[in-house]
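Here our numbering is used: the first residue of the sequence shown is 1, the next is one more, and so on.
Keep in mind that the hints were calculated from the coordinates and are not lab data. Predicted, not measured: the structure shown is a model, and the values here were computed from it. A hint or two may mislead.
[Claimed, not checked] Pair ranges (Cβ atoms, derived):
no., residue 1, residue 2, range
1, M14, Q85, 33 to 41 Å
2, I39, V82, 28 to 36 Å
3, R98, D61, 16 to 24 Å
4, E71, E50, 18 to 26 Å
5, L64, P92, 47 to 55 Å
6, T5, V82, 15 to 23 Å
7, E68, S41, 13 to 21 Å
8, Q85, L64, 17 to 25 Å
9, G24, I58, 31 to 39 Å
10, R98, K25, 37 to 45 Å
[To be verified] Straight-line C-alpha distance at most 25 Å; calculated DMTMM-like pairs for lysine to aspartate or glutamate:
no., residue 1, residue 2
11, K37, E93
12, K56, D23
13, K37, D16
We put the CB at the ideal spot given by N, CA and C, even for glycine.
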Amino acid sequence: MLHTTHDQTEARIMADRIAIIMDGKLCSRVPEEIFEKPIDSQVASFVGFENVLNGKVISADRGLIRIEFGEIIIDASGDIEVRSQVHAFLRPENIVLRT
């Protein structure tokens, strides 16, 4: 069955698979990709990511990367090459600060 909705909560509850179509193009298909690792800033904005940072990978070692966002440096997991430009999509509930 195909169900069309703009209600993201309804989609997450009812669907086994989800698709986002923007500008006539299929952008995302896998729920985890859509809501946890959006493919681009347009999809991230659509699903409610409020914090979008643009940065550059400054180091990478065995699946751990360090990203510079101006004066902010974030450690993350990923396989991205050093000097790559990246976007970080952060949900407030997933931010952990430490000194």
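Structure-based check of each hint:
For the pair M14 and Q85, the supplied restraint of 33 to 41 Å holds, since their beta-carbon distance comes to about 36 Å. Evaluation of the 28 to 36 Å hint for I39 and V82 yields a failure: the beta carbon distance comes to about 22 Å. At about 20 Å, the beta-carbon gap between R98 and D61 stays in the expected band of 16 to 24 Å. Distance hint for E71 and E50: a CB-CB separation of about 20 Å, consistent with the stated range 18 to 26 Å.
For L64 paired with P92, a C-beta distance near 23 Å fails the hint of 47 to 55 Å. The given range of 15 to 23 Å is broken by T5 and V82, whose C-beta atoms sit roughly 41 Å from each other. Checked against the hint of 13 to 21 Å, the pair E68 and S41 passes, with Cβ atoms roughly 18 Å apart. The given range of 17 to 25 Å is respected by Q85 and L64, whose C-beta atoms sit roughly 18 Å from each other.
A beta carbon spacing of about 37 Å between G24 and I58 agrees with the range 31 to 39 Å that was offered as a hint. Between R98 and K25 the Cβ separation comes to about 40 Å, which falls inside the hinted range of 37 to 45 Å. A C-alpha spacing of about 15 Å is found between K37 and E93, which places the hinted pair at or below 25 Å, so the restraint holds. With a C-alpha separation of about 28 Å, the suggested pairing of K56 with D23 is violated against the 25 Å cut-off.
The straight-line distance between the Cα atoms of K37 and D16 is roughly 17 Å, inside the 25 Å bound, and the hint therefore holds.
Checked against the numbered hints above, the structure breaks hints 2, 5, 6 and 12 and satisfies the rest.
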